[in-house]
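Trainee: With the hints as constraints, model all of the structure from the sequences given.
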Amino acid sequence: MKKSIVLAMALALSSATSVQATETGPGCGIGAEIMKGKSGKGANIVAAILNNILIPNTFFMTTGDGLMGCDPTKTVEREQAKKIFVASNIDRISTDAAKGHGDHLTALAYLIGVEEHDMAAFERLTQSRYDELFASSTNAGDVLASLDRALSSDATLARYASR
Amino acid sequence: MVKAEDPPVGGSFLLYMTRLEKARIWLWVLIAAAPALTATANDTVAPQDSYDEAVSATLAGETNPLQQLIIRARERRLADAPMWQALVHYQPTLTGSVESEVDAPWFFFSASGKTDPQRELEATLAAFFSAKPRPPMRLTPYCRFVARRHWLETALGETATNIPKQDCPEFERYKTFLNAEQLTVVFPSAHPNSPSSAFGHTLLRIDHRNQNAETRMLNMSINFAAEIPATTNTLSYIIGGINGGFKGKFRILPYHIKLREYGQIDNRDIWEFPLKLSQTQIDTIIRHSYEMLIAWYDYYFASENCAYHLLSLLDVAFPEKRLSNEFPVWTIPVDTIKLLDKRGLIQRTDFSPSMSRLIKAREQALPPTALTLAASAYQDGISSISEKLANHDDTTQANILDLVSDLQRYRRLNSDAENLIALSPEERETLQRRSRIAVKTRDPIPAPDGPPPHKGHDTTRVSLILESADGKTTPLLQFRPAYHDLLDPSPGYGDHAAIDFFNITAGWDQQNDKPFLRNFTLLDIQSLEPRDRFFKPISWRTRASWERKNSNDRHRFTLLGGGGVAWQNQPRNPLLFAFLEAALIDDTSLEERSTVFAGPRIGALWEPIAGWRIMAELEEQRDIVNAINYWRGAFQSSVAISKQFSLVVNASRAQYGDQPRDNRGSLSLRLYF
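Protein chains in written order, with the working numbering: chain A, 2 to 164; chain C, 842 to 1514.
Calculated from the structure, these hints are not laboratory results.
For every residue, glycine included, the Cβ atom is placed at its ideal position computed from N, Cα and C.
Check the hints yourself; a few may be wrong.
Which chain A residues face chain C? A few, computed with CB under 7 Å, are given here [claimed, not checked]:
#, residue
1, SER89
2, ASP92
3, SER95
4, GLY101
5, HIS102
6, ASP104
7, THR107
8, TYR111
9, ALA136
10, THR139
Here chain A is said to cover these stretches of chain C; the calculated rule only asks that three of the stretch's residues, wherever they fall, bring their Cβ under 8 Å from a Cβ of chain A [what the hints assert, rightly or not]:
#, region
11, 1093-1102
12, 1281-1293
Mentor: Here it is, written out as structure tokens:
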């Protein structure tokens, strides 16, 4: 009896003070950080990003071991920034698209280069073609590819398609 | 009763130990901590070559460009300049000399650069002549240490043209990419559920030119954090975190990732403070941030933490009056915001609500029938309410679906650590249905509970207490360096968490005319998270304290843990709570000194009028080893006379077995500073 209570208490105490390395987000060498196999929510997010987009091997080379102040802009050049944004916020973007508005959708439009006067058309497009864009796509690459197709088939928005 | 037969178990083992055994345990603790303490060993090897020799050779030789620079720098006493001190992060030591807080050896070009600003400055000038990076650096000193160079070039005037020019395309790209127009200090509010967030956190957002509120999440942010190796266990995490066993580094990454981490996963409200800075000051900080990317510090949870080093980064904009100088001993993140406010650096206060706050606002906007529908959809999926939903008008349907999808996402983020990004099938179903309704609903804009955190009481508290028990009055003096308890004035802190850290109470025994240590609480954390229809958080408490009631008693040690539930139907209404707690006790006045107390505690907390708080508690515990019951009832009330000053009355009654009742009352004056 006593033993189990003591054990339960020890457990309660240790979980109450359980620690998470949440402040240790990945740095400029996002890839490099993951290679180190970090834990914690921040790292999970980034690991999820990695699962969602293919970062070429050269990426790791350019960032070196992440220690020597790797070039932070490398990870965030426009295309890369778009992929990282979609990959790490796909659920929020998808929710905004279904609703037809929202800050995550606006941020995506900004990254694509949609001008303000075309924003309403962009919101209509992502809402009306929701199934095609999000219902089956599970990763950022697919979502961006379907979005590209949808954009190019739209009279007003075709010019925002990447090709 | 158990001492003879039972081997010591779990957390209670310390209580059974002889002194020698205890010493052995501490040895083990030290050994366990050793990996954390030595983790930095690999990186502390200094770079092979310093530039000291180059400096002495130059000075010994004929007139040459570097020599001219050094002479000019000496004439102008640049090494003593506040800006140089800020750039290399020198701080005065106790002996009157200075030492840089940076611990990365390659941050210094002189072998004695950490403690010698003069030699470091001269070696830096020598390093700028080098066309090759010094291993393990990737860039030349000229292209990496851009803030040092920019300032030295300005301060040396014409002589600075002696430094051979180099192209630094990477830094140019960095600057253009960031295109900083404004710097914003971001404060995800304190959250007791993790030690790294218990006192809040700060980071810096670099706001790009020409943007609006929505695209701000795409900005980059600079975050200072300890780097914790994946293999670290809890004990070395705590020990290493407290005594500098980990490396702290500046990291730059997209703000949307941080926003997600704090606002959506950790569920913390986020406060943003755009700073009042000139473009010149912003440019200086951006340059300095680039050279700080290669630096690291020994991370100290209490002093050299995220908030402190964020200030030390900003210091280069105010070298004459460095912000970091205001925090010589410990740094609580909210205190750094208070300092920015005091210096008039805060331009504006923005509030970004946590996901749970947004969801609660959606709930409140829905009529009861719609809310019931949302609840069943949340439970059984959207298809379970398909027909009923169709009876509502489009706007109501949209509002219901928006609430359900937010709830479903919230549930996934808080239950499935593996799946933080991808939609669950149930969310997908809800969103597909939502996308068929082309109504634009307005998202609620929930307001914060009260003023921003830096407008609350200060974190250090001194209390003058008069305690009365058994017709005896004892004056007490209490010092608590941090942070907030449930009777302290609530503005800025809210109702849901209390952290008492290192609370010391000394008393004066009037009969024997001597002082005594009445109470020492190492840590007391209480989290009260109200539950509602959708959210079912667990409230919890943990406390470690030594306490004695009279100067001739021995101290009772208590290590307590417990979990419970709390309810509060409206923010201003009473908060009710019920806990189950158990405590390891060591008290020589008990028949068996080492024992476990366990039992329920219920209570209520209410602020009926702003500034007047009342709290009532009743606990009933069983002393398991001695098989004796214990109960205690307490009533406390506080009045906030001003932000920094409050009065508390406390009355309690307790009884252990058939011993006489312990009736006591106290009156406290609390001062915050």
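Trainee: The structure should be examined with respect to each hint, and the outcome stated for every one.
Mentor: Against the structure, the hints:
1. SER89: Interface hint status for SER89(A): holds (6 Å vs cutoff 7 Å).
2. ASP92: Result: holds, 5 Å to nearest chain C Cβ.
3. SER95: holds, 6 Å
4. GLY101: holds, 6 Å
5. HIS102: holds, 6 Å
6. ASP104: Constraint on ASP104(A) satisfied, holds at 4 Å.
7. THR107: Holds, because the Cβ-Cβ distance from THR107(A) to chain C comes to roughly 4 Å (cut-off 7 Å).
8. TYR111: Result: holds, 5 Å to nearest chain C Cβ.
9. ALA136: holds, 6 Å
10. THR139: Result: holds, 6 Å to nearest chain C Cβ.
11. 1093-1102: holds (count 8)
12. 1281-1293: Holds, because 3 residues of the region 1281-1293 of chain C bring their Cβ atoms closer than 8 Å to Cβ atoms of chain A.
When held up to the earlier numbered hints, the structure conflicts with none and fits them all.
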